[in-house]
Structures are given as C-alpha cells and as structure tokens.
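Engineer: One-letter residues, chain by chain:
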Amino acid sequence: MIKKLLAVVALSFAYALSAGVAHGYKLDRAPDRLTDMASLQNGAKLFVNYCLSCHSAQSMRYNKLTEIGLTEEEISRNLLFTTDKVGDLMEIAMTKEDGASWFGAAPPDLSVIARAKSVTMGPTGVDYVYSFLRTFYRDTSRPTGWDNLVFPSVGMPHVMWDRQGGNTLNRVTVAQEDLEDGSQQWVRTTTNIDAHGFSDITREVLDNYSGDAVDNIKLTPVDPAASAAYDNDVADLANFLGWMAEPVQLKRKQLGIWVLFFLGIFMVVAWRLNAAYWKHVR
Amino acid sequence: MAGEKTVETTGLLGWIDRRFPLSTLYKQHMSEYYAPKNFNFWYFFGSLALLVLVIQIVTGIFLVMNYKPDGDLAFNSVEYIMREVPWGWLIRYMHSTGASMFFVVVYLHMLRGLFYGSYRKPRELVWIFGVAIFLCLMAEAFMGYLLPWGQMSYWGAQVIINLFAAIPLIGPELAIWIRGDYVVSDATLNRFFALHVIAVPLVLIGLVVAHLIALHEVGSNNPDGIEIKDGPKDSRGFPLDGIPFHPYYSVHDIVGVAGFLIVFAAIMFFAPEMGGFFLEYNNFIPADPLKTPEHIAPVWYFTPFYSMLRATTSEFTWIMAAGAIIAALALLVKGNLRGIWRIAVPVVLVVAAIAFRILDAKFWGVVVMGGAVVILFFLPWLDYSPVKSIRYRPGWHKFLYGIFIVTFLVLGYLGTQPPSPVFNLMSQIGTVIYLAFFLTMPVWSRLGKFKPVPERIVIRRH
Numbered sequence: 002m003i004k005k006l007l008a009v010v011a012l013s014f015a016y017a018l019s020a021g022v023a024h025g026y027k028l029d030r031a032p033d034r035l036t037d038m039a040s041l042q043n044g045a046k047l048f049v050n051y052c053l054s055c056h057s058a059q060s061m062r063y064n065k066l067t068e069i070g071l072t073e074e075e076i077s078r079n080l081l082f083t084t085d086k087v088g089d090l091m092e093i094a095m096t097k098e099d100g101a102s103w104f105g106a107a108p109p110d111l112s113v114i115a116r117a118k119s120v121t122m123g124p125t126g127v128d129y130v131y132s133f134l135r136t137f138y139r140d141t142s143r144p145t146g147w148d149n150l151v152f153p154s155v156g157m158p159h160v161m162w163d164r165q166g167g168n169t170l171n172r173v174t175v176a177q178e179d180l181e182d183g184s185q186q187w188v189r190t191t192t193n194i195d196a197h198g199f200s201d202i203t204r205e206v207l208d209n210y211s212g213d214a215v216d217n218i219k220l221t222p223v224d225p226a227a228s229a230a231y232d233n234d235v236a237d238l239a240n241f242l243g244w245m246a247e248p249v250q251l252k253r254k255q256l257g258i259w260v261l262f263f264l265g266i267f268m269v270v271a272w273r274l275n276a277a278y279w280k281h282v283r
Numbered sequence: 052m053a054g055e056k057t058v059e060t061t062g063l064l065g066w067i068d069r070r071f072p073l074s075t076l077y078k079q080h081m082s083e084y085y086a087p088k089n090f091n092f093w094y095f096f097g098s099l100a101l102l103v104l105v106i107q108i109v110t111g112i113f114l115v116m117n118y119k120p121d122g123d124l125a126f127n128s129v130e131y132i133m134r135e136v137p138w139g140w141l142i143r144y145m146h147s148t149g150a151s152m153f154f155v156v157v158y159l160h161m162l163r164g165l166f167y168g169s170y171r172k173p174r175e176l177v178w179i180f181g182v183a184i185f186l187c188l189m190a191e192a193f194m195g196y197l198l199p200w201g202q203m204s205y206w207g208a209q210v211i212i213n214l215f216a217a218i219p220l221i222g223p224e225l226a227i228w229i230r231g232d233y234v235v236s237d238a239t240l241n242r243f244f245a246l247h248v249i250a251v252p253l254v255l256i257g258l259v260v261a262h263l264i265a266l267h268e269v270g271s272n273n274p275d276g277i278e279i280k281d282g283p284k285d286s287r288g289f290p291l292d293g294i295p296f297h298p299y300y301s302v303h304d305i306v307g308v309a310g311f312l313i314v315f316a317a318i319m320f321f322a323p324e325m326g327g328f329f330l331e332y333n334n335f336i337p338a339d340p341l342k343t344p345e346h347i348a349p350v351w352y353f354t355p356f357y358s359m360l361r362a363t364t365s366e367f368t369w370i371m372a373a374g375a376i377i378a379a380l381a382l383l384v385k386g387n388l389r390g391i392w393r394i395a396v397p398v399v400l401v402v403a404a405i406a407f408r409i410l411d412a413k414f415w416g417v418v419v420m421g422g423a424v425v426i427l428f429f430l431p432w433l434d435y436s437p438v439k440s441i442r443y444r445p446g447w448h449k450f451l452y453g454i455f456i457v458t459f460l461v462l463g464y465l466g467t468q469p470p471s472p473v474f475n476l477m478s479q480i481g482t483v484i485y486l487a488f489f490l491t492m493p494v495w496s497r498l499g500k501f502k503p504v505p506e507r508i509v510i511r512r513h
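Order-wise, the sequence lines are chains A and F.
Using the numbering used here, the final residue of the first sequence is 283, and nothing's skipped along the way.
Using the numbering used here, the final residue of the second sequence is 513, and nothing's skipped along the way.
Hint data in this document are derived by calculation from the structure and do not stem from the laboratory.
Quick look at which bits of chain F chain A covers, simulated, 3 or more residues with Cβ under 8 Å:
{"no.": "1", "segment": "127–134"}
{"no.": "2", "segment": "300–313"}
{"no.": "3", "segment": "335–341"}
Values in this document were obtained by computation on a predicted structure and should not be read as measured data.
Think of the CB as a built atom: it goes at the ideal place given N, C-alpha and C, for glycine as much as any other residue.
Please model the complete structure; the sequences and the hints are all you need to start from.
Structural biologist: What follows is the structure in structure tokens.
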C-alpha cells in the first residue's frame, strides 16, 4: 500500500517536473573554465574589444581584472578604451535612449548577465551566453541582417561575424496552424538560409499526420576551422562573463571549506559539552 | 540607607539589583526557569528563530550603511556592496540566506506547535503572539524583497499590491496609499525601505519579547503534552520533570546553533542562490516597468499561499459556496450551537455562500490566501482532542497531519510553476485539503481511540 502510494507520488512529481521544462532552443553546455586564468584573460580581452562600446558593465571596475592575473599596467596598456583611469567603472558613452532608438531596445548592462540568464533547475547564464553567441545566422529579412536561434528577432547584430565565418541554416518545422474556420492543420515548413542571408522557404500541408510537433535545426559553419576556434573564444568570453557576474565566487568557496571545518570541530565540542551537562539528568 | 531595597546580592551586582531587577529576571527566565526534561529535536527551532532574527538585524544594519534606497541607485548599490565593500558579499549573502532560513526555521517551529499541542490552553496567547510574528515576518520579507529593485522585486510587488485593489469599495484607493503612487515606483521603494528597516523590526522585536514573556508565564509544553507543573515537585517547589533552562538548555541549544550554522554556512559559501530559490535569477535584471517578465512568482516561502490565491477561480467559488451551504446545514442539524447562534451562524454561512458567487473571484482569492494564515490564530479553539500531543492521538490522526504537511509542500511546489490546467486543479484540491484540515478539526480531532497519557514525562534517548 505504501509502495503504491509512493509510486503515485513519484509519478506525479515526474509528470510535474517534465511539464515544467522550458521551451525554446536547447542550450549547449559551456565548458567550465572559471579557474583557468588564461581563459578568463582572453575573455576579458574579447569583452573589452567587442562588447564594451554598446554594452556597459557599470558595476565592474577595470582594476578588478587584477584578480584574474593581470597587472594594472597591462590593463592600462591593452584594455582601456572607454576611459583612461584604471580605477574607473566600465561605463560607456551611449545613453539608454540612443541605444533604444538605434537598436530597438537598449543593449543591457552585462555586469550580472550571467546570473540573470540562469534558469532554475536548468542551464546557467554562462551556458546561455555560450549558446547565444554561437547561433547567429544571416537573415536579410531582419534590420541588422542577422537573426539568432537562442533569442529570435534579437536587435543585436553578429558582432564577431568575422571571427566565426558565417553559418548556413537548415530548419524543418512541423507545427499545427489555425485555419479561418477554427480547425487546425499540420504544416511542414522547410527553411534554408544561405551564408548571405537569402532564404528559401517551402510549406507543405500534411494530411493524416499523427506525430508530435517537430523543430529540427541545423546550423552549418561555412568555415569549420574558424568556427571551432571561435567556439573556443566564446567559451572564454562566456566564462569571463560568469566570473564578472560574481568575482568573489572563487574566494568564497575556498573560505567556505575552512568555515565548515571550524564549524565541524565546534559542533563536536558543543555536542560533548552538552553530553557532559546532561549525563546525570534523570 | 533609607529608600533602598534589601537584596541578597552584594557589590556592584547588589547596587544594580537595588535599582533594577537584574538578578530577579535572571533567575526567573534563566537559572530558575524550569523547562521539561524531554525536549527533542523539534525544540531547537525557537532559539534558532531568535538567532536568525539577530543575524538579520545585524547584517541589515551593515547593509544599510551602503545601500541606496533610490530607484536609480538601488540595484547598483547592491552590486557595489557585493564587489567593493570589504566583506560586503558575505553580509549580503548572510542576509539573503538568513531570510530564507528564517522561514525554514519558523515553519518547523510552527510544525512543532502543531504536533505537540503547544497552542492549547493555557498557551493560547503564546500561539497568538507567534502567528502575529509570522504575519509580520511575511510583511517584512515582502518589503525587503523590493529593495534590490530587480525585475522580480518590482513585478512581485506590483502583483501583490494589486491584490489589495481587489477589496470592494476601498481597494483601489488602498493600493494607491500603500504604493504612494499609481504604480510601484521610487515612492514605494522609499516607504518600503522605512518600514522594512525600522517599523516592522521594532514590531517584531516587541512581539518576540511578548511571545517569550507569555511562554515563561505558563511554562513550556513538551512532546508528551503533559503539564510538568501538575506533577510532583522537589523540596524547593520546582517540578521534578523540569530542569533549569540555564545551564541545561542554554548549552543544549548551542548544539542546535552549531548544526544550524553548518547548514547556513554550506549554503552561503557554496550555493547562495540555492538554484534560484533563495536569490532568484530574474532579480539580477534591473527593474523595468515597461517589461513584464514571462513568469512572476513570489519567493519560495510564499508559494503555498500563492497557490491558494491562484486556485481561487470563478469555478472554485462554486466549491466554496457549496462548502458553506453544507456547513450551514450540518450546524443547523447536528451542531451544538445554542440559542440565537443556532440560527444566526447558518444564516451568515448562507449569506457568505451567495457572496462567494456575487463578488469577483479575485477578491475571494485574496480572502482565501489571507484566510489561510489568519485561520492559524483560531487553532487553540478548533482543536477538541482530549490529549495535547500527537504521541497519544489515534494513528489515523498522524496520517491526517502527514497529509496536511504533504499538501503544504505540494502547494508550495505548484506556486513556483507557471499556471496550467492540471496544476490549477491540483492547487484547488490542495487548498480544499488545507482549509478542511482546520475547519473540520472540531469534528475529527475528538474522534478515534486515544492512547492513555502518562503521568510523568517520557524521556527518549537523544
């Protein structure tokens, strides 16, 4: 009886959990390079060179980069583009209003973006950035000429397009569409977008379709070698954003081990002290 | 000397005692406050709640030294604390982890009360002060959550304050008065800051003092639910089944503190976000009044009640009306109300049943959500069991308590999820179970075969 009850509870939780899965593009897992100083430094370089004129990081001070192994001299010589003081915050000249009017939406501040984009019981913000930056494809129907699989209709162009070398997109979707008379029909849409962004879309109405909705996406790099090197760079950049979102994360884990060690000893002492006081209580 | 009292103590302590009841208070509340000897694990959570209150106040004071309560500055000031203020990150994480741990500790503390009948005569006032503390704690947490001024802060506040607008007649004006503006804005942030930092903490401290004074006036309950003051006494008149709080329980509670701090530190240093449940990810986006998040949900500790709010749809008000009619009939036919009440109460219930269908379901959602907390105030008068403690109740009572706990947890889980037809139905069933547990308690709590209650406390090895 108890076993049956437990099975029902387990099944309903399993159902509940599966029903809570997020929709949208399935994000890739970024490699974990948070303790790799060389990787974080490369990420910092990419961030300052490519991201930092449209996006600000106004909670981040330039000289905090000394925590990932750079000297203030190295920072001053190589990474100061928006200011000349190494103690300044990573602010930018573009205002929110200008950003909104030029791009449709103001480019968000990236100080804590890697924490903001995490999903409860799901991929982290680092995974999000890693996937986002690698799934741009040319699309002449968009104002910037680019679209993105993770963030459809994004206002951001593919800033690092010359490092990646472009993608072609092949997408097969089978979905239900509503007709005027209220009924539904299954439609298969095949989209091919070439490296220059010109699309070729075919629609096919499916009678007697009995399967589920389908969304198969294939993004093929035009230059596989460049694309692989780019993936490596994006991993560095995503991990850098993960570090920047909470620079203290490496230190707090180290501290935590000592704290728990002390508390363990304290617990043993407290427990034996209590036993001593209560020994004769009856 | 004329005008001075005679006391037993000498020296500096004697000087103080002649002017302030220090030694008397110490004896009354520590060295000669006799608590039952059989406290178990569940009895740690009261002292832990006091510890967390102190943690929140102290960390709160240091946070306020650098936090800026302004719509344009708040979000960045929190990041400033995290990055630039020496040890600011630790203070911030202590405060955010402390907020969630406060609710873990308080829920378990209340559960202890439920198990052992700690709310029953003569401890009704202890319980009432406690439920008042719980209500203040919910308000304090709600207002505190607005302060980081993230997306979830802003929109969570917008949703919950809008609920007050559902109150008939006075609602919309009331919501504007709470907000200080037509929408949640800088005005709201400023007043929530004042309330969160000064007003509610003062009320909380006052209520905690009252809670402890009321407890010490009647003495603590225990897992067997028997009164140690009614048992045999020693030569000085203290109960044989009791033991001085200091040093026995002060030292005992230190073990509890050590265990709690291990959990607290593990979370703070290794998982301060707790997978998005303690520090919600969406709150790392600065508040944007123009962009509504896809999914607005309160922090985990409010989710059981949020579920009940969402469960109260138009269809659900039919269930509520039916329940009221059935209750009216049952009271009319089998109830033991006397005189005018025999007619009056059923009439009120029928009027309520009609009202459930006339007024907007949104208002009744607020009533159900609030009622789920307020019903706790009445618990001492709903419990008709001849024994206090769950140890001596019929086995199937324990099963009912188990169902109540599971329901509360499931409602909590459902509150974190976006609405869906299946989840809505589950929430509605859960709401009915939760409310029925309390509302039908006068009936079921006296049914069944109760076990004989011992004369002396039973000490289980711990």
